[in-house]
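Peer 1: What follows is the residue order along each chain.
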Amino acid sequence: MLWYKVWRESRVRFFLSAALIAGMCLIYTLLESRLYPGGPRVHNYTQYVHWTVFGGATRGVFQLTCLLLGLGGLRRDRKQGTLGFTLALPVSRASLVLSRAGVGLLQIVALSLIPAFAVTAGSYIVHQQLSLAYGIRFAPLWAAGGVFTFGISFLASVLFASEYVSLAVAYVVYIFYLAGSRLPRLQPYHLHVADFMSGLLPNYLNRSTMLWGPVYAIAPIVWFTAAALALVAVGMLATARQDL
Amino acid sequence: MILERVIQTANLTKEYGGFRAVDRLNCSVRSERITGFLGRNGAGKSSTIKMLLGMIRPTSGSGTVLGLRIDDAKESIEIRRRVAYVGEDKGLYGYMTVAQLVRFTRSFYTDWQPDVEKKLLAEYRLPPDRKVKALSKGMRTKLALLLALSRRPELLILDEPTEGLDPVSIEELLQTLVRAPMNGTTVFFSSHQLSEVERIADDILLIDRGVAVLDMPLEQIRENYRRISLGFTTAAPRLEALRGIETMRSDNRQVTILASSNADAIAQYARERGAVSVDVAPISLREIFLETVQERNRQDQQKHWEREDALV
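Quick mapping for you: the protein sequence lines, in order, are chains A and B.
Under my numbering, the first sequence has 93 at position 23, and the numbering climbs by one with no breaks.
Under my numbering, the second sequence has 242 at position 110, and the numbering climbs by one with no breaks.
Hint data in this document are derived by calculation from the structure and do not stem from the laboratory.
Note that the Cβ used here is the ideal one computed from N, Cα and C, for glycine as well.
Incorrect hints may appear among the rest.
[To be verified] Using 25 Å as the maximum straight-line C-alpha spacing, the simulated SDA-like pairs for lysine to any residue come out as follows:
| id | chain 1 | residue 1 | chain 2 | residue 2 |
| --- | --- | --- | --- | --- |
| 1 | A | K149 | B | F236 |
| 2 | A | K149 | B | K251 |
| 3 | B | K251 | B | Y241 |
[Stated by the list, open to error] Stretch by stretch, here's where chain A covers chain B in the computed footprint (C-beta under 8 Å, at least three residues):
| id | region |
| --- | --- |
| 4 | 202 to 214 |
| 5 | 222 to 232 |
[To be verified] Calculated from the model, a selection of chain A residues having no Cβ within reach of chain B, i.e. all distances over 10 Å:
| id | residue |
| --- | --- |
| 6 | L96 |
| 7 | Y106 |
| 8 | S162 |
| 9 | S169 |
| 10 | S232 |
| 11 | L314 |
Let's have the full structure, built from the sequences with the hints guiding it.
Peer 2: In structure tokens, the structure reads:
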């Protein structure tokens, strides 16, 4: 039932995120004829979809929603005056943290699947060819990158009392992390989560066609997921030691 | 096996940074009785309760609830399974309906009693489909009590349960608490409403600045505590601190003593020292509370001045 509590507390954010991502995917595909920029960077429809959805603004919005989904927890309980009730339940703090992380993870997996279906449906309506398999291959990348992003705000929400501060800190850390991962010294390690989610880390997509190559991003998926779990574990340890 | 003491603490201490909220607290709560937990705001009541429930960790010292150690993570979960707690703010999940919250809470307890739940739902007239956030404070308190009592817990801990309630709701709540020990539930509740405590409590635990200053059955307090007013024809002589004297205030020819025992011997001693009028009178819990707390204030202030004088 802890999962039910977490779901009730985060479902509005989840549904808004889902609607926003689905809406963006549909707008980009249905209004493709108006929004298609042409020019040297975008030569075909697949490139256009990548430029707008899987490697573009929709991915950016998805990452922001992951930051938002990471907020909440016992600090929010405290703000809402329900901390006493929550902590009096006969469960460990680890269970409280894990339920939040678990629901967050499932929500992100669900959100990461939306573009594949929405883009395929939209493409079909405007008589464009884009297979479901193409979009589905982005889902694990988005899910792993999403839970990593979620992990940052999740940890921030454990460490900072105010949700606004948590979000601000998580966002700033995230921006600095993205900038840092572009440093020449760190570039060989392919740490840039946005590039990874776009399939461009290092070259899982053919950059000229934006079609999938023969190698899939198994290792980065494992690493980013492991990093996310590490962030959640740190959050769990911190929660266990906190005097709330 | 029924434990004689459901709560026991030994030198229980809680510090927040440099501030000591609970200071080597030694106390015990007897089973199947109602214990009133008294103290001023900031006296350490809520911190003590939170430590007992494993919500915060003691800085030092130890304690047991129902024989389980409060500083052991696993035993602490078991404590919360067997103890019901109604917090000061009665904070319940506002986004759930009454029925959803009951269902949610029920899922954590194997000893949940649906018949008691149904009875209390009807008795408290709680609308199952109404969101908790739409309930009045009184109704929220009743819902919190329903969630606590539907399990027939071994120990019921309440932090300021009557705060914000109307007189009718207070009366209903007190009646509920009075009946609880009959079902085998020990009640431990903090309150600022001394008249209510005096009405229903069997035992009194008074803490001030984190220290237990009174831990005694109410009956014994009533029997033993006396205010002794002494009048002298000249300036009052210096009186020895006999056994039982808790506080003593002297105002020229008048001396007022708060005695926790030995009142007759103290009166006799005062007569021997020249008191021309000796009045021994029973004293209310409110007066004991005020006298004890104010006397500690005076003593602390005195020590503070002495320290400042020494520095000068």
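Peer 1: Against each hint, give a clear statement of whether it holds in the structure.
Peer 2: Checked hints:
A distance of roughly 21 Å separates the Cα atoms of A/K149 and B/F236; the hinted pair therefore holds under the 25 Å criterion. Proposed proximity of A/K149 and B/K251 is contradicted: the alpha carbons are some 33 Å apart, above 25 Å. For a cut-off of 25 Å, the pair hint linking B/K251 to B/Y241 stands: about 18 Å separates their Cα positions. Coverage of the region 202 to 214 of chain B by chain A holds. Counting CB-CB distances below 8 Å, 5 residues qualify, and the rule asks for three or more.
Only residues whose C-beta sits within less than 8 Å of a C-beta in chain A count toward coverage, and the region 222 to 232 of chain B has 6 of them, enough to reach three; the restraint holds. With a least beta-carbon separation of about 30 Å from chain B, A/L96 lies farther than 10 Å from that chain, consistent with its non-interface assignment. With a minimum CB-CB distance of about 43 Å to chain B, A/Y106 clears the 10 Å threshold, and the non-interface call stands. Not every Cβ of chain B is farther than 10 Å from the Cβ of A/S162; the closest lies at roughly 6 Å, contradicting the non-interface assignment.
No beta-carbon of chain B is positioned within 10 Å of the beta-carbon of A/S169; the least distance is around 12 Å. Chain B leaves A/S232 outside its interface by the beta-carbon criterion, the shortest separation being 18 Å against a cut-off of 10 Å. Not every CB of chain B lies more than 10 Å from the CB of A/L314, the least distance being 7 Å, so the non-interface label is violated.
Hint compliance for this structure: hints 2, 8 and 11 are not met, and every other hint is.
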